[in-house]
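Asker: Listed below are the residues making up each chain.
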Amino acid sequence: MSTHAPKGVGHLRGDRPFPAAAKVALADPQLRRNLQHATTTIRGKSGRVIAELPDWQELRSAGSALKAYTMANLPRLLEQLEERVTAAGGVVHWAADAEEANRIVTELVAATGEKRVIKVKSMATQEIGLNEALEGAGITPVETDLAELIVQLGHDKPSHILVPAIHRNRSEIREIFLREMPGVDPALTDDPPELAGAARRYLRETFLSTKVAVSGANFGVAETGTLAVVESEGNGRMCLTLPDTLITVMGIEKVVPAWQDLEVFLQLLPRASTGERMNPYTSMWTGVTPGDGPQNFHLVLLDNGRTAVLADEVGRSALHCIRCSACLNVCPVYERTGGHAYGSVYPGPIGAVLSPQLTGVEDNASLPYASSLCGACFDACPVKIDIPSILVHLRNQAPHPRSEKTAMAAAAYTMDHPKLYERAQRAAKAAKLLGRRGRGLPPPLNGWAASRDLPEPPAETFRDWWRGR
Amino acid sequence: MSSKNLILRRIREALGENPSEPEVPRDYRRGEAPVDLDLLVERLVDYQAVVHRTADISGTIREIVGDGQVVVPPGVPDEWLAVRFIRDDGLSQDQIAAADGVVTAAAVAVVETGTVVLDAGEDQGRRILSLLPDLHICVLRADQVVASVPEAVARLTPGRPLTWISGPSATSDIELNRVEGVHGPRHLHIVLVQEAA
Ligand code: SF4
Chain B
1 MSTHAPKGVG
11 HLRGDRPFPA
21 AAKVALADPQ
31 LRRNLQHATT
41 TIRGKSGRVI
51 AELPDWQELR
61 SAGSALKAYT
71 MANLPRLLEQ
81 LEERVTAAGG
91 VVHWAADAEE
101 ANRIVTELVA
111 ATGEKRVIKV
121 KSMATQEIGL
131 NEALEGAGIT
141 PVETDLAELI
151 VQLGHDKPSH
161 ILVPAIHRNR
171 SEIREIFLRE
181 MPGVDPALTD
191 DPPELAGAAR
201 RYLRETFLST
211 KVAVSGANFG
221 VAETGTLAVV
231 ESEGNGRMCL
241 TLPDTLITVM
251 GIEKVVPAWQ
261 DLEVFLQLLP
271 RASTGERMNP
281 YTSMWTGVTP
291 GDGPQNFHLV
301 LLDNGRTAVL
311 ADEVGRSALH
321 CIRCSACLNV
331 CPVYERTGGH
341 AYGSVYPGPI
351 GAVLSPQLTG
361 VEDNASLPYA
371 SSLCGACFDA
381 CPVKIDIPSI
391 LVHLRNQAPH
401 PRSEKTAMAA
411 AAYTMDHPKL
421 YERAQRAAKA
431 AKLLGRRGRG
441 LPPPLNGWAA
451 SRDLPEPPAE
461 TFRDWWRGR
Chain S
1 MSSKNLILRR
11 IREALGENPS
21 EPEVPRDYRR
31 GEAPVDLDLL
41 VERLVDYQAV
51 VHRTADISGT
61 IREIVGDGQV
71 VVPPGVPDEW
81 LAVRFIRDDG
91 LSQDQIAAAD
101 GVVTAAAVAV
111 VETGTVVLDA
121 GEDQGRRILS
131 LLPDLHICVL
141 RADQVVASVP
151 EAVARLTPGR
161 PLTWISGPSA
171 TSDIELNRVE
181 GVHGPRHLHI
191 VLVQEAA
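Chains as they are written, first to last, in full-length UniProt numbering: chain B, 1 to 469; chain S, 1 to 197.
With the rest of the complex left out, here is chain B (with noise of 0.2 Å):
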């Protein structure tokens, strides 16, 4: 038996194949520079503080080992993390897709008589489309991360899973600040520092008087009930501790099998993620703590299409995912591309790999194809996620038009090759100063790039900057 996610709520598929979509993006020089900005900073960032771990191997090896632990023993440390959580204190709540986690978490807040939560950036509950259910039963949600709230207030999409507004700039973002946020000060400038400040100043007074919150979890340790949720702004801090009521929507593979099993995550998260040490704040929390922040507790498990994702044997690593998004970040596709063009609230290599196993490959079935195949998502998977492998698998189950497949063949063949890869590249820079796109170029990629955008070659290429880290 497998079930996936449902058609018709939540944000796994994207209104048009994934060519369709990029083929915008490409146009968009502004959305191209923002990324490949974000992007390069954050892998030389990575590099450097991964760079400082000399056991930076074992810890991927240790995590990747035990997220297969975790799903091979999953049915019993749910009922743990469960029995944990329950005897601390909360409320566990079984949601097996979109529409019953929504009904869920619309009744858990109606039932507080309150219209209005505060919310924590989170994936689940992007993934499920809560925003909208809340919306349609009378609550507003608000978003209390900056990025968020930014998103939130354009009437957008996030692009990135770590950033993301990252296809704002700050003149956009003084625009849509100035337009959308209540009582906002009119001589409001696009400096960064006064910007957040203007969010800061927003925000506090909704915290304050705000009794419901609603979060994901990085992590629910089974043998302690304790869940995490790690951050950068400290609005998390201020939903997980302000309110009278805290809704967690976790997924159910999110769970890791002990305490000691943060030791290994807390060190590959924010290295892999945003390249710091650590984040500026991990909020950890057992069930209810009289006297000292929300007193009543309930945690949502969201199944949603993931049960389905287990079931193949191929497929099923997907699961381990930790959302640091370094995958994203060193993915030529995506450099060009960006977030929106997946369709999915899932984007780059993990979102191709994870988004089509979860509402069923016919859903998604060009995304396993927005992939160059070029490994660097792999190398660089802090639980060691082989995307490529999984990508091809997948490209055998879809039903895809033939030229489309020979085109993109032929990419990866070459991009699978190193040696034809760099002089391929190589070649693109030389037909670039040329000022002709694509042609001139050895083949096969000539023909693939007549109809597509090539990706720009970078000043260094990944193989070069991963040789040097």
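Take the hints with a grain of salt, since some may be wrong.
To be verified - Counterexamples of contact, computed for chain B against chain S with all Cβ distances above 10 Å: (1) Ala110; (2) Asp303; (3) Gly375.
As the list claims (entries may be wrong) - Only pairs whose alpha carbons sit at most 30 Å apart, straight line, appear in this in silico DSSO-like list of lysine-lysine: (4) Lys115/B to Lys4/S; (5) Lys157/B to Lys211/B; (6) Lys45/B to Lys384/B; (7) Lys7/B to Lys4/S; (8) Lys7/B to Lys115/B; (9) Lys4/S to Lys211/B.
To be verified - For each label pair, taking beta carbons as the anchor points, the in silico distance ranges come out as: (10) Lys23/B to Arg26/S: 23 to 29 Å; (11) Ala137/B to Gly121/S: 28 to 34 Å; (12) Asp28/B to Ala82/S: 54 to 60 Å; (13) Glu32/S to Thr140/B: 35 to 41 Å.
Worth flagging that the hints you see were computed from the coordinates, not collected in a lab. Think of the CB as a built atom: it goes at the ideal place given N, C-alpha and C, for glycine as much as any other residue.
Starting from the structure of chain B, add chain S with the ligand where the hints point.
Answerer: This is chain S with the ligand only, laid out in the frame that chain B set:
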């Protein structure tokens, strides 16, 4: 069927009879390692925290706070407080938010990452105390410092509310420029005490 049973049954069917279960290799660095306080200071400063290495706790706090008023958790000793303060005996959100700062102790600190951890002990207080005021002064004893994350995890008690702090609140959401203090305290001062206080 309840959703719980449905999900558990789906998982069991997905995994099949004997899902392969790997040994978890733990050959990353785990044991106790020597503590390098200079490196801790460097890492803290790297995250824009201000570090004071001193034996004079009250004088240092006074210097930072000046004429301002701080809130303090119940267990912070009087000797630290040569400043105006209100002790938390169930203060309201508004009272805490109105304070110029907060003074807390810490539970553990990690050299390698420049992190201090609060565990809501008597001298650290409710989580809200170190969250709302714009200035957080955290008094850290040298014997609370460990070298690495695994040592910190081993020292902490799961079940307590824990807050791991690495520098003040920060965001990089606007064109990747690091901006301090969107929500939490914008100023973090660490008072590192090397002699028994
Ligand atoms: S697949 Fe790996 S690299 Fe990509 S976001 Fe997930 S954990 Fe990070």
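Asker: Going through the earlier hints one by one, which of them does the structure break, listed in rising order?
Answerer: Violated hints: 2, 10, 11 and 13; rest satisfied.
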